[in-house]
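Novice: Now for the letters of each chain:
Protein chains: 4
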Amino acid sequence: MKHIYTDLAVESKEIYNPEKKKEIEGVSVEVADEKNYSVTTVKVLNQKGSQKIRKPLGTYVTIDVPNLDKTDEDLKDEISIAFAKELKALIKEYKKNKILIIGLGNWNISSDSLGPKVIDKVLVTRQYFINYNKEFDETMANVAAISPGVMGLTGIETFDIVKGIVDKIQPDILIAVDALSSRKMDRISTTIQISDVGISPGSGVGNTRAGLTKETLGLPVIAIGIPTVVNAATMVNDTMDLIIHSMKEQAEIGSEFYSLLEGLSKEDKYKLIEEVLSPFMGNVIVTPKDIDVLIDDLSIIVANGLNIAIHPGIDIADVNRYIR
Amino acid sequence: MKHIYTDLAVESKEIYNPEKKKEIEGVSVEVADEKNYSVTTVKVLNQKGSQKIRKPLGTYVTIDVPNLDKTDEDLKDEISIAFAKELKALIKEYKKNKILIIGLGNWNISSDSLGPKVIDKVLVTRQYFINYNKEFDETMANVAAISPGVMGLTGIETFDIVKGIVDKIQPDILIAVDALSSRKMDRISTTIQISDVGISPGSGVGNTRAGLTKETLGLPVIAIGIPTVVNAATMVNDTMDLIIHSMKEQAEIGSEFYSLLEGLSKEDKYKLIEEVLSPFMGNVIVTPKDIDVLIDDLSIIVANGLNIAIHPGIDIADVNRYIR
Amino acid sequence: MKHIYTDLAVESKEIYNPEKKKEIEGVSVEVADEKNYSVTTVKVLNQKGSQKIRKPLGTYVTIDVPNLDKTDEDLKDEISIAFAKELKALIKEYKKNKILIIGLGNWNISSDSLGPKVIDKVLVTRQYFINYNKEFDETMANVAAISPGVMGLTGIETFDIVKGIVDKIQPDILIAVDALSSRKMDRISTTIQISDVGISPGSGVGNTRAGLTKETLGLPVIAIGIPTVVNAATMVNDTMDLIIHSMKEQAEIGSEFYSLLEGLSKEDKYKLIEEVLSPFMGNVIVTPKDIDVLIDDLSIIVANGLNIAIHPGIDIADVNRYIR
Amino acid sequence: MKHIYTDLAVESKEIYNPEKKKEIEGVSVEVADEKNYSVTTVKVLNQKGSQKIRKPLGTYVTIDVPNLDKTDEDLKDEISIAFAKELKALIKEYKKNKILIIGLGNWNISSDSLGPKVIDKVLVTRQYFINYNKEFDETMANVAAISPGVMGLTGIETFDIVKGIVDKIQPDILIAVDALSSRKMDRISTTIQISDVGISPGSGVGNTRAGLTKETLGLPVIAIGIPTVVNAATMVNDTMDLIIHSMKEQAEIGSEFYSLLEGLSKEDKYKLIEEVLSPFMGNVIVTPKDIDVLIDDLSIIVANGLNIAIHPGIDIADVNRYIR
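If you read the protein sequences in the order shown, they are chains A, B, C and D.
Letter 313 of the first sequence, counting from 1, is numbered 313 in this note's numbering, and no numbers are missing.
One gets this note's numbering by counting positions in the second sequence from 1 and adding 1000 to each.
One gets this note's numbering by counting positions in the third sequence from 1 and adding 2000 to each.
One gets this note's numbering by counting positions in the fourth sequence from 1 and adding 3000 to each.
Careful: at least some of the hints might be erroneous.
What the hints assert, rightly or not - Below, simulated SDA-like cross-link-like pairs (lysine to any residue); rule was C-alpha separation at most 25 Å, straight line: (1) 289(A) - 1289(B); (2) 2168(C) - 1210(B); (3) 1163(B) - 2134(C); (4) 70(A) - 2289(C); (5) 98(A) - 3152(D); (6) 168(A) - 3070(D); (7) 98(A) - 3150(D); (8) 1098(B) - 2125(C); (9) 3098(D) - 160(A); (10) 3121(D) - 160(A); (11) 3163(D) - 170(A); (12) 1163(B) - 2159(C); (13) 2289(C) - 3211(D); (14) 3070(D) - 1131(B); (15) 2163(C) - 1125(B); (16) 3121(D) - 1075(B); (17) 2134(C) - 72(A); (18) 1070(B) - 3132(D); (19) 3214(D) - 166(A); (20) 121(A) - 2210(C); (21) 163(A) - 3107(D); (22) 3121(D) - 1067(B); (23) 3095(D) - 153(A); (24) 163(A) - 3132(D); (25) 168(A) - 3159(D); (26) 1214(B) - 2168(C); (27) 121(A) - 2081(C).
As the list claims (entries may be wrong) - Derived Cβ-Cβ restraints for the label pairs, each shown as a range: (28) 3167(D) - 1034(B): 45 to 53 Å; (29) 3043(D) - 2066(C): 45 to 53 Å; (30) 2095(C) - 1218(B): 30 to 38 Å; (31) 1035(B) - 2216(C): 36 to 44 Å; (32) 3167(D) - 137(A): 25 to 33 Å; (33) 3097(D) - 1092(B): 49 to 57 Å.
What the hints contain is simulated information worked out from the structure, not anything from laboratory work.
Note that the structure is a prediction, hence the values are computed from the model and not measured.
The beta carbon of each residue, even a glycine, is placed where N, CA and C say it ideally should be.
Pulled out of the complex, with its shape left as it was, chain A reads as follows:
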């Protein structure tokens, strides 16, 4: 059976528990609400939980900021700091003197360029450690950063490039930044997910590419992602639900059709929509019109947050300072 595609753990959960607040076995969920944002921590505790929500074992922290796509500069700083705090907590236990940051995605495709744009802006310091022949510094972590591109640009698998670098420079920990896809339009550029399970490539048909995980690379892999697109089929699906729901409420009409759709499993319905759509739109995305500008803003928030979280000497007062 085909998996409804989403990169967000918090959405996997919602698929199974849309309204009912019942807990899933093997999965713990905690929500902390702040004034401007909420933090949801999903822990996949065992194989049972992993199968239920189709996500690997580990911790998934989601920061939801409903107004992050607006141009409120104070909010952006607040979220950089909140993101840094969550990231710090997640990597607390790991050794992290030497850090490699990887910006995944295609820099020629706006909606996929979050990773490369963060790499452009993050503070890179490893060259100073080498030039001054230093092993350790009290205020700075030893940070290298690179955007490996995508196979369509380089002809080389991302894993091969990253693995080669990891073998050479032997970091303690890897942080990968990537643009995600979401099931919900209102999560686009308003949600940041941090997890300690690494990156698994799209589990689509016949995809045998190696992921970036502790198993494949031999070191802890932290994944940071922000949804930038919604799949077109997803959007049609959600809109149809809304329309039918709204028509049903207004009158007794449509109930036959609605019953039929209700009779289908969610995944069958999604498959039906995808089949209808696929002939005439292969590679279509649904995205905000100003996604280019949003990605610029988000890459600053993430780069600021990374700088605060990983360098002992950079704090709140320095937000926006080390951004190139």
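With chain A's structure known, arrange chains B, C and D on it following the hints.
Specialist: Below, chains B, C and D alone, put in the same frame as chain A:
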């Protein structure tokens, strides 16, 4: 009543005559099929026709190239030439020694950057006429070109910038290039529209901005457009039609709902969808994932075509030569 | 007689008074030293002074920041604020509700792209005044901003584009930002000049282009400039002086040659070098290797300073906030 | 003793044999003149020759095109083809089914961005070989391509990134593209050098970085370079020579100074100039004003030439076709 939004004259027609081949009064349509493309010439002949298809009087030439979004370099050259031929025919009657080319749209938004990208690539010659104090040249037209940006970037209405330049340099004719929106996904980056009616800003609520037309600027205005986005509501609407159609064919189910929807006018149905969508997605577009790359390719085709059409000394052999 | 080319008033002065501290008639000079920078205010008081230093009547404020090309983020903020303070003082007397900011220069040439990059980053507000039909706001000035490009890109004189816009939107004051050329390598990207005399195009041979000045545009024109290049002939000239000086000090050798060069007027010597250089390097500049990166940094400093100086509601705490 | 810095073998030779046409032992030189360009083939045959011109053993082909910096489109095509021909001849003997192309340099510094810009434009095919599980194709070589950035951007040595990729994908041959520095202003953007000795990092003080050579990587390394900058000290040196030469011819003056300078070895003189210059200009380059535009043009020529030289199925008629 709200107008279903589309920038393509050929689509206005389709709305009213989806299958029936009946002619619309006051509108003539001619189609010429070539191996790799077809050219549809819609002429809005009088006020009756204008009201029917909600487009100003004038000629609208649409070049449809189903495979233009593929990377076939020979096809791209062929279309540059075909486009140049149609453009030449459309401006045959006009004086065109001095040409001003305007690239409309926001260069920071990929799907809206066609105009500015064409301006980057088109051959500009007016400076030589000024420096050598020349009035006329046998091989070169006198061409100026500028991208005025959009009001969100400059704080200035496009019309005010263009009108100021027109008054100063007094061109014979203005050619405006713009990204369009289409009703159909399969037109995205596969259709070029050329018209002699200028550019009218979106006729949405309370939009009192001045268009770029013969009436407002005092010179002929040729508009060149390529659809780069589909409105999200449009896509949902079209997909729902397809799904219901497909379900209806398969069984007797859904007929009640379908009848209801059929009972609504097309525009009422569209309005319903838009109402449902609007709360949670204001500014969403549906676009190919690689729109950035497509726009680059299309801007070369248009710039090549413009160079061939307006400079007597540039012909087919020079395609790709004067592109920066 | 050919004028040794420089855009900086403070350098014109130095040409005539290299070491001697004697005052020039008709020119007042004040220097204020701060810890990290100094501010020199040159006032050209009358025609005599104007002829002496070959600059129009008016005030020229130069902020010299020896370490501005280093990556010290605190210094950058400090200079944004110092720049804002000087700019505010210079425009104190003018009406400035409606401001038009012009970014001069060619965005395709790194060393010439300061103006366009500032325009990309400055806060533009005029659209809100129009959309909300407002005449005045207590916290925000009414700001429009545009980069007109250069004649080689558009085929249109900068003056024609700017004059057209000024006529349409009728600002109270115009602020033009431009990259300058300097006589001294150590001024590159370390000096900001603000003046109230507008922009006069290079006074070279046969240059009849209109400047952007109160006379040509009919409103006060503030010019903001930062040197980004040194002319190659200038650099050779200065280095030769240093070498001969150094050799002369070390021994009695070279004195004959030195005497000869000393016998030449400075301008004749410069002309000689230019003649020798010109056959084999027409359009050469001397610039820091990382000028692209420096221009990015400087454009942030200038945009921040502009935002602070012209919007009543933006102050020091907001530095870096309204930068796109 | 410090080496006068130049990346071009043909200039090393000129240093020692400025006018005299005498041959250097261990070095063979052949010149072929075409109408629009000349091809100089320098072969360093043994250790003696290598020491004389301070270049590793191997073949250095230099294509000189005096007008390559002009906008003559026919010439550009001609040079793409000439370059492809020379490159083909140089790699004739090597196995070259699988090719890795490396674009060296810093994409944020215009004058250093030739390599990355070529990588953006070159045809990459390795992904098709992998997706279709193919070992060999008659019309296409198996090409991967990447720009590793520079240590200041990534914190990682170029060698480490390249070596990691070479180990993973095991190409038959590596082609590295880089911007060079020249001793002569008139070589900037008019000379292409191809060699089979790989890339050795600047042999400056204490530089212990590993080069990209057959010895370090274990496969043949072809280096393609175009000079984009002249060192500032070099330019002062050359200009002073010209000035003194010109003054000496005109009169008997300056001879004392000239004799002194003549008494110094060339390298001592250069060192003197560098000492004088260094305090006030660390990192200065001399470059054409429009280097950004020139690099764009040159990267197309190189990418076209590479495509023609390495893919059996791409020939002259396809020039400009596979450029992105």
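Novice: Which of the numbered hints above does this structure break?
Specialist: 4, 6, 8, 20 and 31
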